[in-house]
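Peer 1: Those protein sequence lines, which keep their order, are chains B and R.
Residue numbering for the first sequence follows our numbering, beginning at 1 and increasing consecutively.
Residue numbering for the second sequence follows our numbering, beginning at 287 and increasing consecutively.
Rather than coming from a laboratory, the hints here were simulated on the basis of the structure.
For every residue, glycine included, the Cβ atom is placed at its ideal position computed from N, Cα and C.
Just so you know, nobody snuck in bad clues.
If you want the footprint, here are the derived chain B segments under chain R, 3+ residues with CB under 8 Å:
#1 90-100
#2 121-134
#3 205-218
Calculated lysine to any residue pairs in the SDA-like style (CA-CA distance at most 20 Å, straight line):
#4 B:LYS136 with R:LEU346
#5 B:LYS136 with R:MET349
#6 B:LYS168 with B:ARG100
#7 B:LYS136 with B:ILE85
#8 B:LYS136 with R:GLU572
#9 B:LYS168 with B:THR183
#10 B:LYS136 with R:ASN564
#11 B:LYS168 with R:ALA334
#12 B:LYS136 with R:SER561
#13 R:LYS379 with R:PHE390
#14 B:LYS136 with R:THR342
#15 B:LYS136 with R:GLY344
#16 B:LYS136 with R:LEU563
#17 B:LYS168 with B:HIS98
#18 B:LYS136 with R:LEU343
#19 B:LYS136 with R:ALA351
#20 R:LYS379 with R:GLY550
#21 B:LYS136 with R:LEU347
#22 B:LYS136 with R:TYR340
#23 B:LYS57 with R:GLY446
#24 B:LYS168 with R:GLY333
#25 B:LYS168 with R:ARG330
#26 B:LYS136 with R:VAL350
#27 B:LYS136 with R:VAL341
#28 B:LYS136 with B:TYR220
#29 B:LYS168 with B:MET186
If you want the building blocks of each chain, they are given just below.
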Amino acid sequence: MAAIAEPAVGRAASPRARGRRRSGSSAGTVWRWVILLAAGVYFLVPLIVALRFAGIKAFGSVVSETGFTSSLGLSVRLAIVTTVITIALMLPTTVYVHLRLPGIRRLMEGITILPIVIPPVVLIVGVLAIAPGSLKSSAYLLSLEYVVLAMPFAYRAIDAGLRSLDLKTIVEASNSLGARSVTTLMRVILPNLRTALLSATVLTVALVLGEYTMASLALYQTFPVWIYVNSQTSGQVSVAASLLALFVTWFFLMIITVLGTRQSRRTGGGQVTLFTVARQETKGGA
Amino acid sequence: MDQTVTAPGSLVDPGAPGSGSGAAVAPGPPAKLNLRVALRGLRRIAGAVPFAVYVTLGLLLPMVAVAIGAFQTNSGGFTFSNVSAATHGIYLKGFWQSIILSVFTSILPAIFGLLIAYAIFTAKRGNVLRQVTITASGVFANFGGVPLAFLFIASAGSTGLITHWLANIGLNIYNWGFSLYSLSGVIVVYFYFQVPLMVLIILPALEGLRPAWREAAENMGARTWDYWRYVGGPVLLPSFMGCVLLLFGSALSAYATTEALTNGTIPLTSIQIGSFLNGNVIAGQENIGKALGLGMVVIIAIAMIIYVALQRRASKWLR
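Please take these sequences and the hints and turn them into a complete structure.
Peer 2: Dropping the structure here:
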């Protein structure tokens with residue numbers, strides 16, 4: 001039956017794909033292509049046009065532009081510091097919450113969603129109001145705040161990774177073999193969380209490399225701030241730099257999806273999700 | 287069980303009705319017990335302390351500083367003048383523009399994002415199209431800010447290539463009231479990161495729609511509309527509303543895109559707050575920026591209250 005109803009577009013014989021009637025299914029297929037085509041046009045045309053606008057030559061001259069190296073260098077340093085602090089803070093915390101305080105997981109979810117709903121522009125106003133002068137004169141103040149901004153992504157990535165593990169059994173096995181907590185964390189849990197940590201890292205790096213609001217208001221010339229400032233002198237170069245930023249992000253995210261899919265195929269674990277806010281409870285239905 | 291032991295009421299009056307459990311009359315001075323329980327509790331949460339401290343210092347304290355600053359004069363005295371200034375004139379207009387913009391750029395992208403997510407959701411797992419769409423959504427959702435603005439200036443700006451091409455075939459969009467540097471332009475650009483964000487965050491909820499439910503509904507004679515009205519819709523609705531709320535917050539707090547696109551000429555609250563830090567204001571009024579910040583937080587809080595109320599409505603409808 002399923003095989004007969006199978007439309008010619010190459011859907012698998014999964015129960016989901018089985019159409020009620022042949023005509024109903026192909027209407028669904030047409031509908032799907034129309035939507036995806038429209039989305040494709042909206043998202044790709046500005047990209048292609050911008051590529052044409054910038055021209056190939058502009059890409060070469062981005063690198064030699066004044067301020068390029070120093071601003072990109074600052075952004076990369078901030079990204080490294082932010083990532084290290086984020087992982088060092090969020091990994092033990094999330095593992096601890098899973099193991100000892102599963103009751104506050106809802107609370108953790110609530111707290112880590114806050115940096116998404118609180119506007120960064122408001123947060124930086126508060127930060128500049130209370131930060132001590134010594135901290136304000138260092139660009140790494142931005143790193144400290146980027147950790148807050150990265151929390152939602154890092155927490156969700158690590159949380160999803162831990163959820164796909166049988167954490168309790170693993171930790172008990174490790175403890176009964178005589179490992180201390182730190183050893184368990186570093187040599188047992190960490191290797192199992194490789195994908196989760198990779199996505200947390202990439203999302204953090206992408207966030208730091210693209211963050212403009214806080215950096216510009218705290219008067220530090222990070223890469224995005226430089227793109228904006230530089231646009232006053234050369235529009236083409238700025239467009240080229242913008243496209244470069246996009247391709248770099250794309251490349252990083254491609255890496256996590258590919259690596260993540262490979263690992264999940266090997267271990268049969270959960271799929272990599274770039275970001276999740278939907279609550280688990282809704283999954284079972286109402 | 288610990289709770290019944292430490293409940294002070296039951297120790298004072300063991301015979302009270304309702305405290306029938308044997309644990310309630312356990313011997314031992316309550317003060318010592320409370321201390322031990324408190325210590326144990328403290329040790330239990332010890333691992334979460336660094337996180338709690340970080341959130342307090344990096345997130346809560348700055349927000350408290352904004353809230354307090356909103357009611358302070360420059361010399362530290364108490365005043366309502368900042369809040370009063372923030373809710374009048376240009377700043378009130380800023381709030382309205384921000385809210386209208388955020389409503390537009392949260393509900394519409396939510397619908398489009400849902401359609402796209404459903405389109406790739408019904409494609410089979412491991413499908414190339416599906417993989418590409420998900421990754422692309424991840425990229426575009428993270429691709430806000432300045433680069434995005436330049437992308438659109440190059441393509442749909444007044445001298446952009448698309449504008450030029452359209453003008454060549456007789457469609458001069460700038461004559462029709464569209465301008466990339468006005469609210470209409472900002473809306474178009476916001477879609478560019480809001481729609482992919484919606485795709486990313488609604489997909490997990492869609493995964494929760496079991497194919498078996500659809501089959502069961504169809505076996506009972508449900509049409510597509512019936513399925514969505516009585517099964518799919520109600521299951522998705524709470525997640526959908528949560529996503530709309532998130533998109534609303536994201537649109538409200540967007541700063542970089544608008545700033546780069548319009549050079550700060552559109553009166554949006556986030557831009558106005560930024561201008562207080564940039565020093566583009568009369569000296570002595572800096573705390574109005576904090577009052578505006580407080581206003582934004584209040585707007586988000588109101589949005590959340592509406593969300594919770596709707597959620598409650600929806601859960602009644604589900605039953």
